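Visitor: Let's have the full structure, built from the sequences with the hints guiding it.
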Amino acid sequence: MQGNKNFYWLAGLMLMIAITTMGVVYVVLWQTAVEQKKADLVHIAQSQARLIEAIARFDMRHNRVDWETPIGERGPTSLLSERAGADTFSQIVDAHKRYDGFGVTGEIVIAGIENSQILFLLRHGSEIFEENKSIPFEGELAEPMRRALSNLSGTMIGLDYEGIEVLAAYEPVDVLNLGIVAKINYLEVKQPFIKAGVITSAISFAIILLGGLFFRLLTKPIAKHIVDTENKFKNLVENISEWIWEINLTGDILYSSPQAQKILGFRGEEYTASNLFELVGLADRKKVTVMFQHCIGTQQPLSALECAFIHQQGGQPVYIELNAEPVFDAKHVLIGYRGIGHDISERVAKDQQLQLHQENLELRVRERTEELEQINIEMRNFAYIISHDLRSPLVSITGFIGELEEDIKLIEQSLVGQNMDAELQDAVDERIPESLYFINSATAKMNHLIQSILTLSRAGRREFQFAAVDLNWVVQQSLDSLAYQIEQFNVSVELGELPTLVTDSLAIEQIVSNLLGNALKYLSTERDGLIKIYAEHSAQQTIIHIEDNGRGIAEADLPHIFELFKRVGKQNVTGDGMGLTYVQTLVRRLGGKITCTSTFSVGSQFSFSIMNREQSDANEQ
Amino acid sequence: MNSELSIILVDDEPAHSALVRRNLIKAGVSNPIVTLESGQKLLNFIFAREEHENQPIPEKILILLDINMPGLHGTEVLKTLKSNPLTQHIPVIMLTTSDDPTEINSCFQLGCNAYLVKPVEHHQFVEKIQEVAHFITLTQIPSVVI
Numbered sequence: 001m002q003g004n005k006n007f008y009w010l011a012g013l014m015l016m017i018a019i020t021t022m023g024v025v026y027v028v029l030w031q032t033a034v035e036q037k038k039a040d041l042v043h044i045a046q047s048q049a050r051l052i053e054a055i056a057r058f059d060m061r062h063n064r065v066d067w068e069t070p071i072g073e074r075g076p077t078s079l080l081s082e083r084a085g086a087d088t089f090s091q092i093v094d095a096h097k098r099y100d101g102f103g104v105t106g107e108i109v110i111a112g113i114e115n116s117q118i119l120f121l122l123r124h125g126s127e128i129f130e131e132n133k134s135i136p137f138e139g140e141l142a143e144p145m146r147r148a149l150s151n152l153s154g155t156m157i158g159l160d161y162e163g164i165e166v167l168a169a170y171e172p173v174d175v176l177n178l179g180i181v182a183k184i185n186y187l188e189v190k191q192p193f194i195k196a197g198v199i200t201s202a203i204s205f206a207i208i209l210l211g212g213l214f215f216r217l218l219t220k221p222i223a224k225h226i227v228d229t230e231n232k233f234k235n236l237v238e239n240i241s242e243w244i245w246e247i248n249l250t251g252d253i254l255y256s257s258p259q260a261q262k263i264l265g266f267r268g269e270e271y272t273a274s275n276l277f278e279l280v281g282l283a284d285r286k287k288v289t290v291m292f293q294h295c296i297g298t299q300q301p302l303s304a305l306e307c308a309f310i311h312q313q314g315g316q317p318v319y320i321e322l323n324a325e326p327v328f329d330a331k332h333v334l335i336g337y338r339g340i341g342h343d344i345s346e347r348v349a350k351d352q353q354l355q356l357h358q359e360n361l362e363l364r365v366r367e368r369t370e371e372l373e374q375i376n377i378e379m380r381n382f383a384y385i386i387s388h389d390l391r392s393p394l395v396s397i398t399g400f401i402g403e404l405e406e407d408i409k410l411i412e413q414s415l416v417g418q419n420m421d422a423e424l425q426d427a428v429d430e431r432i433p434e435s436l437y438f439i440n441s442a443t444a445k446m447n448h449l450i451q452s453i454l455t456l457s458r459a460g461r462r463e464f465q466f467a468a469v470d471l472n473w474v475v476q477q478s479l480d481s482l483a484y485q486i487e488q489f490n491v492s493v494e495l496g497e498l499p500t501l502v503t504d505s506l507a508i509e510q511i512v513s514n515l516l517g518n519a520l521k522y523l524s525t526e527r528d529g530l531i532k533i534y535a536e537h538s539a540q541q542t543i544i545h546i547e548d549n550g551r552g553i554a555e556a557d558l559p560h561i562f563e564l565f566k567r568v569g570k571q572n573v574t575g576d577g578m579g580l581t582y583v584q585t586l587v588r589r590l591g592g593k594i595t596c597t598s599t600f601s602v603g604s605q606f607s608f609s610i611m612n613r614e615q616s617d618a619n620e621q
Numbered sequence: 622m623n624s625e626l627s628i629i630l631v632d633d634e635p636a637h638s639a640l641v642r643r644n645l646i647k648a649g650v651s652n653p654i655v656t657l658e659s660g661q662k663l664l665n666f667i668f669a670r671e672e673h674e675n676q677p678i679p680e681k682i683l684i685l686l687d688i689n690m691p692g693l694h695g696t697e698v699l700k701t702l703k704s705n706p707l708t709q710h711i712p713v714i715m716l717t718t719s720d721d722p723t724e725i726n727s728c729f730q731l732g733c734n735a736y737l738v739k740p741v742e743h744h745q746f747v748e749k750i751q752e753v754a755h756f757i758t759l760t761q762i763p764s765v766v767i
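If you read the protein sequences in the order shown, they are chains Y and Z. Residues in the first sequence are numbered consecutively from 1, following this note's numbering. Residues in the second sequence are numbered consecutively from 622, following this note's numbering.
Because the hints were derived from the structure by calculation, they are not lab data. The structure presented is a predicted model; accordingly, all values stated were derived computationally and were not measured. Worth double-checking, as some hints may not be accurate.
Beta-carbon label-pair distances, calculated as ranges [said to hold, decoys possible]:
#1 Y:L363 to Z:A636: 35 to 45 Å
#2 Y:K593 to Z:N726: 27 to 37 Å
#3 Y:N381 to Z:R642: 44 to 54 Å
#4 Z:R642 to Y:E412: 47 to 57 Å
#5 Y:Q425 to Z:T708: 53 to 63 Å
Cβ atoms here follow ideal geometry from the backbone N, Cα and C, with glycine treated the same way.
Guide: Rendered as structure tokens:
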């Protein structure tokens with residue numbers, strides 16, 4: 001698991017650090033120790049050499065020693081100990097016998113050259129004390145002594161005469177032409193460090209191991225919690241129906257929940273390498289880009305942006321609502337957006353369907369309205385044409401009746417004073433004139449009816465002229481024209497306050513005069529007439545009431561009063577049965593309604609509404 | 622009435638033509654009366670003379686024109702006559718059953734000289750004819766006693 005792997009990495013890293021630190025410390029200490037050791041050895045070698053030189057010089061002054069002849073040339077038999085300087089050397093050997101040496105393997109070696117051999121005069125360590133041993137001068141062994149005898153001074157790591165690797169300081173002894181080497185086995189120098197290294201390494205390992213385990217122990221619950229939380233959120237993100245995504249400022253997808261597969265039809269995980277804007281259909285791409293640019297510019301969240309993405313398999317549009325929050329880095333710089341995509345395809349489809357239905361419905365309503373308007377126009381034209389076409393034969397009938405009447409008069413005149421058959425007499429005197437009279441009154445009635453239809457059809461066709469009309473004036477005009485009847489029947493008129501309306505003045509005059517005329521026509525014989533006229537004014541419309549205390553209308557008749565040529569109740573007054581139909585047509589054309597409430601033998605109330613309009617609406621009808 | 626003036630009566634309804642003719646005669650109009658049944662026939666009578674070779678065109682004419690006729694509508698005939706410089710001086714009296722103000726108005730706009738609504742009393746005819754014919758040559762119209 002990722003957590004464990006990380007843990008091992010961490011432990012490894014700690015180990016590496018520990019080893020490196022240890023290594024560095026070790027090397028520095030080692031170098032310091034070696035340098036120290038070298039210094040010690042140099043000190044020993046040099047001090048010994050100077051001491052020997054001092055003793056030798058002393059001896060030289062006080063003994064008869066042939067100092068002039070070099071040791072190597074004093075004769076083949078003479079051993080160094082027995083030759084010149086032997087006294088001096090014996091003192092040194094003696095001194096060394098009283099000295100314990102240094103270290104376990106530390107040795108001071110003094111040698112000279114004899115017969116191309118390195119003749120070791122003294123080897124003095126803690127455990128050995130040996131004299132007189134020689135090895136060849138040329139060779140790999142005893143490199144430090146070789147250097148000392150070559151009159152060199154310094155330190156080195158090399159093989160001693162026994163072939164052991166040693167750290168050595170070498171120094172020539174001038175007076176006696178000897179060389180002195182202070183050396184110690186290199187292994188002895190290394191030994192404590194190797195030991196310390198092993199111990200510290202072991203302790204470090206132990207501590208790291210323990211620390212690691214302890215760390216692991218401590219962090220495990222935390223790591224587990226983190227892992228659990230992560231899993232939980234991952235699970236949540238991957239299982240909700242919303243598509244969760246994160247993009248940078250150029251729209252490259254940094255994260256996308258696997259819902260992208262389901263919603264947008266991705267097969268694999270290519271969506272993680274896509275650009276969000278490029279997944280949007282061409283139709284909406286610009287809108288989305290502009291919207292995002294705006295949000296980026298203002299650093300605001302993106303809210304409810306609806307757009308059509310393209311399905312990766314089918315290519316059909318997928319409608320998605322995007323909501324996103326800006327993402328800032330630690331320095332509060334906007335680096336991208338993190339958001340949710342909600343698949344609204346179903347809703348959009350429903351909306352589209354609904355819109356289609358609505359459009360269909362509107363279309364149907366429009367069609368039906370047009371149809372009705374057409375029918376209405378046809379009806380009006382029909383009434384107009386009928387009335388015209390009916391008038392033509394009527395004109396002929398009326399004309400020829402006139403002709404007949406004149407001709408009959410001629411006949412009558414010519415027959416005056418002549419004896420006639422009683423039957424003929426009766427025909428000429430009575431029946432023919434009577435027939436002609438009835439034909440005349442029938443045609444007159446027919447003419448009247450046609451005229452009425454014509455008037456009505458004109459009421460429906462006439463173009464209204466809208467202007468401000470004072471209703472008080474209109475009512476007063478009507479009352480004035482009816483003044484004779486008002487006086488004759490002793491009718492009182494109560495007039496309320498009436499408004500000024502923008503309407504067609506002729507139409508309103510005709511409505512009012514018809515209704516007032518009716519009220520006067522159908523007065524009750526049992527009481528004095530009373531007519532009330534008043535108005536109700538609201539924002540949309542004005543309702544005008546004309547109320548009388550006349551004979552009233554029977555309940556059964558009430559629904560028929562506005563029908564054409566319908567006359568109800570007692571027919572003792574003249575009328576063409578057209579007035580109310582005409583009034584209704586006018587009221588409707590003015591955008592109003594007329595109603596009648598009535599109680600038989602108590603009175604009637606006619607109320608009509610007029611749609612209020614502004615002066616500027618004039619003539620829009 | 623001066624015999625030089627011919628009255629041309631255009632009406633698709635024979636009964637109406639007969640009545641008008643009677644009325645005119647009763648009113649004492651003795652001028653020749655030509656009856657035509659349609660607007661097209663009137664236009665032919667005036668513009669396409671070959672059909673009426675045996676019927677010489679009168680020197681002075683006055684037209685009584687019905688409006689609602691099948692085929693060519695009276696107003697169209699009026700428009701043709703009044704928009705042609707050769708015929709626009711001919712007096713035309715519209716004679717129709719319609720008293721629709723818009724129709725009356727449009728006829729006057731097209732240039733009719735008078736408008737009568739049927740049924741017409743015969744004295745109205747004479748008044749109008751006098752009025753209109755006066756417009757052409759006063760001397761040719763005698764006073765009419767009813």
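Visitor: So does L363 (chain Y) sit 35 to 45 Å from A636 (chain Z), Cβ to Cβ?
Guide: Since L363 (chain Y) and A636 (chain Z) have Cβ atoms about 50 Å apart, the given range 35 to 45 Å is violated.
Visitor: Hint says 27 to 37 Å; check whether the CB-CB distance for K593 (chain Y) and N726 (chain Z) agrees.
Guide: For K593 (chain Y) and N726 (chain Z) the Cβ distance comes to about 33 Å; the hint holds.
Visitor: Does the Cβ distance between N381 (chain Y) and R642 (chain Z) fall inside 44 to 54 Å?
Guide: Roughly 32 Å apart at Cβ, these two residues miss the hinted range, so it is violated.
Visitor: Okay, R642 (chain Z) versus E412 (chain Y) on CB: inside 47 to 57 Å?
Guide: violated, 25 Å
Visitor: So the hint says 53 to 63 Å: do the beta-carbon atoms of Q425 (chain Y) and T708 (chain Z) match that?
Guide: Between Q425 (chain Y) and T708 (chain Z), where Cβ atoms are some 56 Å apart, the hint holds.
Of the hints listed earlier, those the structure fails to meet are numbers 1, 3, 4, in rising order.
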